[in-house]
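Enquirer: If you want the building blocks of each chain, they are given just below.
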Amino acid sequence: RKEVEQDPGPFNVPEGATVAFNCTYSNSASQSFFWYRQDCRKEPKLLMSVYSSGNEDGRFTAQLNRASQYISLLIRDSKLSDSATYLCVVNPGGKLIFGQGTELSVKP
Amino acid sequence: ETGVTQSPTHLIKTRGQQVTLRCSSQSGHNTVSWYQQALGQGPQFIFQYYREEENGRGNFPPRFSGLQFPNYSSELNVNALELDDSALYLCASSLPTSGGPSTDTQYFGPGTRLTVL
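Here the protein sequences come in this chain order: A and B.
Our numbering numbers the first residue of the first sequence as 1 and each following residue consecutively.
Our numbering numbers the first residue of the second sequence as 109 and each following residue consecutively.
You may find that some hints are simply not true.
Result set (DSSO-like, lysine-lysine): computed pairs, CA atoms no more than 30 Å apart in a straight line [to be verified]:
1. Lys2/A x Lys45/A
2. Lys45/A x Lys121/B
3. Lys121/B x Lys79/A
4. Lys95/A x Lys45/A
5. Lys95/A x Lys121/B
Simulated coverage check for chain B against chain A, where a stretch passes if three residues somewhere in it have a Cβ under 8 Å from a Cβ of chain A [unchecked claim]:
6. 148-160
7. 174-188
Source of the hints: derived by calculation from the structure; they are not laboratory data.
None of the values given here were measured: they were computed from a predicted structure.
Note that beta-carbon positions come from the ideal geometry of N, C-alpha and C, so glycine has one too.
Let's have the full structure, built from the sequences with the hints guiding it.
Expert: What follows is the structure, encoded as structure tokens:
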């Protein structure tokens, strides 16, 4: 079993749609959690950290359920510029563990 | 931009050769981590360096080795290249904390794309 598993993609959505990404992790000792965004052939960039209380940054909302070892990312009112691969990332201590990524394509 | 630079940007090698990839961390960052990203996969942790010492290693064979220099820049060396080593190699630097190396907020460089023929 992979340490971090994400929804298989790709997700193809129209502009303005709401899209949700799901992620599960296996190491219950994991300490911190993130969503990264990666554009084609570029480096990953931190989108947002994920906190147990849930957190929001504009159109983006992240949730963490430690009991279920589940992380989610919700994107509202999606834009063309949101097209990218979204990586769920977990830090069990000492390193970052990435999921395989879920590709999002937002169409006009 | 993150201030993390990597060189070269692209590299083509043949099986059995050796390669050295370089990374300059963001100013003041004393922790550098290296990742390998194969096509269609997420990055995989290779190892981390903190104050010139290896501080954790992923599931990679010994032919993957590294160095960190006093200015915190770092090198990744891969010996006896195999076809499966073809990937994007990313380095990430992170801020120090009072208790030791910090791995939470990592700033990635643009990567080196290695092709092994």
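Enquirer: Against each hint, give a clear statement of whether it holds in the structure.
Expert: These are the hints, each one checked on the structure:
no.: 1; hint: Lys2/A x Lys45/A; result: holds (22 Å)
no.: 2; hint: Lys45/A x Lys121/B; result: holds (28 Å)
no.: 3; hint: Lys121/B x Lys79/A; result: violated (40 Å)
no.: 4; hint: Lys95/A x Lys45/A; result: holds (16 Å)
no.: 5; hint: Lys95/A x Lys121/B; result: holds (29 Å)
no.: 6; hint: 148-160; result: holds (count 7)
no.: 7; hint: 174-188; result: violated (count 0)
The structure fails hints 3 and 7 (numbered hints given earlier, in ascending order).
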